[in-house]
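K.L.:
Each chain, written out:
Number of protein chains: 4
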Amino acid sequence: MPTSQRDKLKEKIHEIIFEADTTAGKAFDIGLLLLIMASVLVVMLESVQGLQARYSDFFYALEWTFTIIFSIEYLLRLYCVYRPAKYAGSFFGIIDLLAILPTYISLIIYGTQYLLVIRALRLLRVFRIFKLGHFLSEGETIVRALKASRAKITVFLTFILLLVIIIGSVMYLVEGGQNEDFSSIPRAIYWTIVTLTTVGYGDITPATGLGQFLSAFIMLLGYAILAVPTGIVSAEMVATVSKAGRSNNTQACRYCGGEGHADDAVYCKYCGERLN
Amino acid sequence: MPTSQRDKLKEKIHEIIFEADTTAGKAFDIGLLLLIMASVLVVMLESVQGLQARYSDFFYALEWTFTIIFSIEYLLRLYCVYRPAKYAGSFFGIIDLLAILPTYISLIIYGTQYLLVIRALRLLRVFRIFKLGHFLSEGETIVRALKASRAKITVFLTFILLLVIIIGSVMYLVEGGQNEDFSSIPRAIYWTIVTLTTVGYGDITPATGLGQFLSAFIMLLGYAILAVPTGIVSAEMVATVSKAGRSNNTQACRYCGGEGHADDAVYCKYCGERLN
Amino acid sequence: MPTSQRDKLKEKIHEIIFEADTTAGKAFDIGLLLLIMASVLVVMLESVQGLQARYSDFFYALEWTFTIIFSIEYLLRLYCVYRPAKYAGSFFGIIDLLAILPTYISLIIYGTQYLLVIRALRLLRVFRIFKLGHFLSEGETIVRALKASRAKITVFLTFILLLVIIIGSVMYLVEGGQNEDFSSIPRAIYWTIVTLTTVGYGDITPATGLGQFLSAFIMLLGYAILAVPTGIVSAEMVATVSKAGRSNNTQACRYCGGEGHADDAVYCKYCGERLN
Amino acid sequence: MPTSQRDKLKEKIHEIIFEADTTAGKAFDIGLLLLIMASVLVVMLESVQGLQARYSDFFYALEWTFTIIFSIEYLLRLYCVYRPAKYAGSFFGIIDLLAILPTYISLIIYGTQYLLVIRALRLLRVFRIFKLGHFLSEGETIVRALKASRAKITVFLTFILLLVIIIGSVMYLVEGGQNEDFSSIPRAIYWTIVTLTTVGYGDITPATGLGQFLSAFIMLLGYAILAVPTGIVSAEMVATVSKAGRSNNTQACRYCGGEGHADDAVYCKYCGERLN
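Chains as they are written, first to last, in my numbering: chain A, 14 to 289; chain B, 14 to 289; chain C, 14 to 289; chain D, 14 to 289.
No lab work stands behind these hints: they were computed from the structure.
Computed from a prediction, not measured in an experiment: that's the story for all the values here.
Heads up, some of the hints might be wrong.
Label-pair restraints from in silico Cβ distances [claimed, not checked]:
no. : chain 1 : residue 1 : chain 2 : residue 2 : range
1   : B       : Gln191    : A       : Thr78     : 30 to 36 Å
2   : A       : Gly190    : C       : Ala51     : 29 to 35 Å
3   : C       : Leu64     : A       : Gly190    : 20 to 26 Å
The calculated lysine-lysine pairs, modelled on DSBU-like cross-linking and capped at a C-alpha distance of 35 Å, are [claimed, not checked]:
no. : chain 1 : residue 1 : chain 2 : residue 2
4   : B       : Lys99     : B       : Lys39
5   : A       : Lys160    : D       : Lys39
6   : C       : Lys160    : B       : Lys39
7   : B       : Lys160    : C       : Lys160
8   : C       : Lys23     : C       : Lys39
9   : D       : Lys160    : C       : Lys160
From the three backbone atoms N, C-alpha and C, an ideal C-beta is built for every residue, glycine too.
Can you build the whole structure from these sequences, using the hints too?
P.N.:
Set out below in structure tokens:
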């Protein structure tokens, strides 16, 4: 096969697998999404004992079918991209690999097949396929607001961590003797986190009067603390919303498969190669 | 009966049933609200076994009485409106039909009568009856803010869904063997949602040390995540509050029964017919 | 006793009881606060069975002592104010009366003495006594923001109420047969509220797969819904904070005992009488 | 040893212990952080009965080793600072002392060694060591926003406290007789706080129909109330974010060990001595 012909084939495969503008490309992407959803569903159902007992062989066959299809797809992606290493190292490249590895590993180590749910992450492609670039840019607005408040949230979480260690130890001292539930400081810290975040399972609860009094105090504290991260993110969101630009571009780079390029971009912002 | 006379009758019925400006119209509407509330209450009480055993016949009679009254009202509404099809297809038209159907269906399929609580939705008319147009426009402000943040919330929920699938699977791997509570991935995902949303029933709780450590981490994550939708809605609400206009008009179209017209509207915005 | 002398006495009593500017007035107010706190504490401890069994007589004596002191104080307040009816009908006047009534009523109906905790509301005077007018005006900022968002919150709560009735009925249909916990629609509605507000006791939990799936959906909904009231209040608070004026006046009207007058007020804003 | 030589030694020690700019200083600080983390971990593990039974002697030895190291460090800090009293009375000075005291006290009173987790607070130095001044200033932004909303939050918490006392008493009256869970007003108040803050353990739950109805009402109230502190903090955060200045200075005063000086500061803002 002469080089130019092989290049044409590569070009063709790239268009179908990476782009969603042609009919074939769109059909491929939608089929892929359905396959991914089906495969995630199978992994979930496989863990249900009643079903596993009855359909064991069926699930096993399905799992390998999905894995082989995704493996072929992965190899094709590597093949048709100009710079396979770039793609393999990109976010989607890694996800695509992690989505097939567990089945192979499960031949050696039992149980790893449940890690296949990582395939769910591949569904993120949905935003690109349905030209939901608008949604992607909204996602970026959220990410930008979170990034802007990163420092504040780090300080806040450090503070919470120290608080939780100290409260947990005090509760251990108060309840430890009389209450089986608070049998160690780590357990007491677990309880403190369950309480401060207002999850409140009730698997561990204070039994002494003093313990309940302290708990009530901790809950009110949690109530006030809950306001802080919300305030931080709200403030940044208010600031970010007005600045947010919108981009709707779904083009993928021919060299590394990178996405999210500006409308007027001429070169890929990840690998520097020319976009077509 | 000559056409003009029949038209007058229609006019009269329309005024009583659809409008709330005349004494008769207001009396009808308030009576209707009380009937609706009573009928919803009866459906609820009917489900309480102690009461059902004793007052079974009484409830049955009441249910059919309400249904027949509402059926007549529905037919009258269809009759007096110029374009019955428009009304039947409108939001309130569908609700009005759904509010009577379950009783008839319960003759064939048992249990459907509990669906009658859909009648509760008819209470939304309360805003129109008491000239609470102001409240309606406030509701619109909320809806507008939610619509403006729709894209962000979709991205956010997609992200949460994927997160929940992956966390659930990891917890299944960690707890699955030792803990009856985490007997399958769907159950583990259910637990993850219960935890991330800080509901925390406590019907499923981690038992191993590693599971509790991961749970604590997931809760802190949920804590931070909780801030995101609040931040999104707050930011949009801040932006929307200032723009919000107010309308207090309670006029209903003579042709299709549509409501929510601007004060200076001459034609119905739903069917284009002249308003009186 | 001549009128002028009686007036002087009234004046003196008013200064001590109502004002907090003189040494005697401040001493009286602080003593009163301590008495109130002690009496609320006694009511609470009285309900603890272990203590009640042992100190029954002591608690009984204390309760009557507090009640008699507060009764005398109430009569003195009525006596020294120019317009007793105005004071008796004011917020603090009603609270002061409710704070003594239950003890007298408990002579006739058993159990009412626990209503004495209403005395706790009298502690609100603390803000006036310690010249915390600044705090009061902050409280007014909150109230103003809440008032501004009243319409939105009413619409929101109406919506929640209807949602809760419908979700509750659906869950009753789904779980009712197989699960003792969902034995009636009112119980299912109770569960829905417990879940939507993320309280999550766990005393009622879904048992069927479908029920758990719906619950997960309801929780994510509750998550999104939680953002709405916060967004409303935040938006109004942002708007209100900038407008908020501050007042620090602790003067009480000589005629009706009303408080919260502007610094440049010459006449009481409640009864129209001249302030001194 | 002549004075000048002793001064040089002091200077050297100060540089290593207090500053993080030289290699030796940084190495010391990182070593210190690791020691603190190890010692907190040991205190936690010591409380786990299984481990305590087996490694009792090992933990005991470790605890004393850490305490002796930290004691020497504390004495060196006191020695090399020009004004030891200032350092001893500063925030970090007090923490440093509290971090060693419990071990010595545990010789007399059993159980106090668990208070050693207060050492965790020493980890706050991490921000200075890694030149995370940026983070510190972010923390100050949070603190500033919280301070600005202090008055509002005080009013809010007072209101919550009174609300909780009254609701608790009403629930005691309603449930008290039929339900073991609500055996006293303090317990009922504990339940109210657990519910209002949406923690919801489920260790205490209403059993009567009326009690559940009231609970549902209280939860919806808690839902609305939750919006208030978040609104307060959000509003202040929006206002504070724009004003926030940034400082990145990690210099510690030679006299009192005080930190957080402005870049152009020539004199310590705590003790007024010249900075080098």
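K.L.:
Look at each hint and say if it fits the structure.
P.N.:
Taking the hints in turn, this is what the structure says about them:
1. In this structure the hint that Gln191/B and Thr78/A lie 30 to 36 Å apart at CB holds, the actual value being about 32 Å.
2. Between Gly190/A and Ala51/C the beta carbon distance is about 31 Å. The supplied range of 29 to 35 Å therefore holds.
3. For the pair Leu64/C and Gly190/A, the beta carbons lie near 23 Å from each other, so the given range of 20 to 26 Å is met.
4. Taking the CA atoms of Lys99/B and Lys39/B, the gap is about 24 Å. The hint holds against a cut of 35 Å.
5. About 28 Å separates the Cα atoms of Lys160/A and Lys39/D, which keeps this hinted pair within 35 Å; it holds.
6. Of the pairs offered as hints, the one joining Lys160/C and Lys39/B holds, with about 28 Å between alpha carbons and a cut-off of 35 Å not exceeded.
7. A C-alpha spacing of about 25 Å is found between Lys160/B and Lys160/C, which places the hinted pair at or below 35 Å, so the restraint holds.
8. Under the criterion of a C-alpha separation no larger than 35 Å, the hint pairing Lys23/C with Lys39/C is consistent with the structure, at around 18 Å.
9. Of the pairs offered as hints, the one joining Lys160/D and Lys160/C holds, with about 25 Å between alpha carbons and a cut-off of 35 Å not exceeded.
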